[in-house]
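Whenever a hint applies, use it, and build me the whole structure from the sequences.
Line by line, the protein sequences give chains D and F.
Oh and the first sequence: position 11 is 11 in this note's numbering, straight run, nothing missing.
Numbers in this note's numbering are just positions in the second sequence, counted from 1, shifted up by 251.
Treat the hints with care, since some could be wrong.
[Claimed, not checked] Facing chain F, from chain D, some residues (calculated, C-beta under 10 Å): (1) P53; (2) L67; (3) N70; (4) V170; (5) I178; (6) M181; (7) I210; (8) E218.
[As the list claims (entries may be wrong)] Label-pair distances were calculated between CB atoms; the ranges are: (9) D:I45 <-> F:D267: 31 to 39 Å; (10) D:S95 <-> F:T325: 32 to 40 Å; (11) F:S440 <-> D:V228: 45 to 53 Å; (12) F:V458 <-> D:A21: 42 to 50 Å; (13) F:R275 <-> D:Y96: 32 to 40 Å; (14) D:L67 <-> F:P473: 30 to 38 Å; (15) D:L208 <-> F:I319: 19 to 27 Å; (16) D:D27 <-> F:V264: 34 to 42 Å.
[Claimed, not checked] Listing some non-contacts, in silico: residues in chain D with all C-beta distances to chain F over 10 Å: (17) I50; (18) W57; (19) L58; (20) P79; (21) G98; (22) P99; (23) L113; (24) V130; (25) R139; (26) S145; (27) A180.
Derived from the structure by calculation, the hints contain no laboratory data.
As the structure is a prediction and not an experimental result, all values here were calculated from the model.
A virtual CB, placed ideally from N, CA and C, is assigned to each residue, including glycine.
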Amino acid sequence: MDTHEDHVVIGAIWAWYADPANWQGEDGVMNRLIEHGLLTVTATIVAAAIGLPLAIWLGHVGKGGLLAVNVTNVGRAVPTFAVLLLLALGPIGSSYFGPYGRAGLATLVALVLFALPPIVTNAYVGMREVDRDVVEAARGMGMASGQVLREVEIPLALPLILTGLRLAVVQVWATATIAAMVAGPGLGRIVTLGFVRQDVAMIVGGALVIAVVALLLEVVLVVVQGFVDPVARARRRAAPAPRRAIVTEPA
Amino acid sequence: MLIPSTAAPSCLVDNDWVCAEYFRTRSGILTDALVQHIWITVVSVLLGLALAFPLALLARRYRRLEGIVVGATTAIYTIPSLALFALLLPFTGLTPATVIIGLALYSLTILVRNIIEGLKSVPPDVRESALGMGYGRTRMLFGVELPLALPTIMAGLRVAFVSTVALATVGSIVGYGGLGNLLLQAVDSQFKAQVLAAGALCVVLAVTFDVLLVGAQRVLTPWTRTRTTS
Numbered sequence: 001m002d003t004h005e006d007h008v009v010i011g012a013i014w015a016w017y018a019d020p021a022n023w024q025g026e027d028g029v030m031n032r033l034i035e036h037g038l039l040t041v042t043a044t045i046v047a048a049a050i051g052l053p054l055a056i057w058l059g060h061v062g063k064g065g066l067l068a069v070n071v072t073n074v075g076r077a078v079p080t081f082a083v084l085l086l087l088a089l090g091p092i093g094s095s096y097f098g099p100y101g102r103a104g105l106a107t108l109v110a111l112v113l114f115a116l117p118p119i120v121t122n123a124y125v126g127m128r129e130v131d132r133d134v135v136e137a138a139r140g141m142g143m144a145s146g147q148v149l150r151e152v153e154i155p156l157a158l159p160l161i162l163t164g165l166r167l168a169v170v171q172v173w174a175t176a177t178i179a180a181m182v183a184g185p186g187l188g189r190i191v192t193l194g195f196v197r198q199d200v201a202m203i204v205g206g207a208l209v210i211a212v213v214a215l216l217l218e219v220v221l222v223v224v225q226g227f228v229d230p231v232a233r234a235r236r237r238a239a240p241a242p243r244r245a246i247v248t249e250p251a
Numbered sequence: 252m253l254i255p256s257t258a259a260p261s262c263l264v265d266n267d268w269v270c271a272e273y274f275r276t277r278s279g280i281l282t283d284a285l286v287q288h289i290w291i292t293v294v295s296v297l298l299g300l301a302l303a304f305p306l307a308l309l310a311r312r313y314r315r316l317e318g319i320v321v322g323a324t325t326a327i328y329t330i331p332s333l334a335l336f337a338l339l340l341p342f343t344g345l346t347p348a349t350v351i352i353g354l355a356l357y358s359l360t361i362l363v364r365n366i367i368e369g370l371k372s373v374p375p376d377v378r379e380s381a382l383g384m385g386y387g388r389t390r391m392l393f394g395v396e397l398p399l400a401l402p403t404i405m406a407g408l409r410v411a412f413v414s415t416v417a418l419a420t421v422g423s424i425v426g427y428g429g430l431g432n433l434l435l436q437a438v439d440s441q442f443k444a445q446v447l448a449a450g451a452l453c454v455v456l457a458v459t460f461d462v463l464l465v466g467a468q469r470v471l472t473p474w475t476r477t478r479t480t481s
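Following this line, the structure appears as structure tokens:
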């Protein structure tokens, strides 16, 4: 493509953003952004409510390591698109679901399923990587099992628990984009509608919003994690040491 | 579109999830989609590998570049696939290149990290011995370092292949999604047998790639077989 055509595309994208009509209404950027944000927040909270207690308990009793690892491997092999479609055509259906838009419930269920692997795996590994000597010492001091869990294991596992939550948010944001391919809610809808209308400015304009927010989410969450995480705060004063994180998949 | 002329009860008419008749009547479509899925996946991962190698070697040579390379590829990894394909569209249009470049960029992220890690895992003593035996830089890389880094690189390739098979389905937005094309058709036709068949074939394909790579690794690194393999 020559430079002249490039200028035409950039100009068209600029004009697309400048048109207030593209920001308003059901198909507008604002509505889709709110839908996408609501989906991401809800799915992450639900997945954390299910996954964290499970992973922390499994890590505490030292069982289910195979489950924690396999959950990630299976999640990687199953296409998001297929799961969304299975759920939308299945018993959940694709009717409107409150503020979550068309096929809202099917989308939420799919998002929770894809948010679980990073949350469960990281929390489990975090719990297992807590120094056994520290746990023994805590027991030796007369701490009860529950006390060891609350006051020793969870605080020490917190860096990886937080990493899992951060990866889940980014993963869910990405996965929610695919919902549009099943005529579902979210910002991906602007891109798919752009394909239907053969409107390159709309396709790229929508994609840029999705990509920029994804990158912002990642950067902001890394910064927030640094402030929330007690181990990272303590380390900032001492020597910094990187921790192993389990990366997720793009979707 | 699916209703046969005979009035006999059929799982195609009833739109059942599991339907043997679907496989019988659509084996041609399924095979075409599967073949497209395989070549798009293979070309994407190999392109990612071809880009990852020089980048990893550069990152090792110039330490400052390592942070930039890893940071930039991680940023790409954060961009959702539908958005990445859409952003490539003005440059590559509705062609397989849009999907292949996008998927190659995702593979690149995984492979660069694993190649850097693999090369770092080569024990300094081994490097010293090779130097002492008169190995040059190139012979050291291909004769000593890469073979020792191979398990880590192969682990990266396994992740890259399995996730690329799943992601390739999104390529259907530009018409090159392999089995994903069948999924996209089913959005309008509500054809359940097609959704389950295409979805299941994706998983089977991912597992097949994984098994083949594990086999290839066993053949390529016979010395690891006496120890634990992972």
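Against the structure, the hints come out as follows:
| no. | hint | in the structure |
| --- | --- | --- |
| 1 | P53 | violated, 28 Å |
| 2 | L67 | violated, 18 Å |
| 3 | N70 | violated, 13 Å |
| 4 | V170 | holds, 6 Å |
| 5 | I178 | holds, 6 Å |
| 6 | M181 | holds, 7 Å |
| 7 | I210 | holds, 4 Å |
| 8 | E218 | holds, 5 Å |
| 9 | D:I45 <-> F:D267: 31 to 39 Å | holds, 36 Å |
| 10 | D:S95 <-> F:T325: 32 to 40 Å | holds, 38 Å |
| 11 | F:S440 <-> D:V228: 45 to 53 Å | holds, 47 Å |
| 12 | F:V458 <-> D:A21: 42 to 50 Å | holds, 47 Å |
| 13 | F:R275 <-> D:Y96: 32 to 40 Å | holds, 37 Å |
| 14 | D:L67 <-> F:P473: 30 to 38 Å | holds, 32 Å |
| 15 | D:L208 <-> F:I319: 19 to 27 Å | holds, 23 Å |
| 16 | D:D27 <-> F:V264: 34 to 42 Å | holds, 35 Å |
| 17 | I50 | holds, 22 Å |
| 18 | W57 | holds, 26 Å |
| 19 | L58 | holds, 21 Å |
| 20 | P79 | violated, 4 Å |
| 21 | G98 | holds, 22 Å |
| 22 | P99 | holds, 21 Å |
| 23 | L113 | holds, 13 Å |
| 24 | V130 | holds, 23 Å |
| 25 | R139 | holds, 31 Å |
| 26 | S145 | holds, 32 Å |
| 27 | A180 | violated, 7 Å |
Of the numbered hints given earlier, the model fails hints 1, 2, 3, 20 and 27; all others are met.
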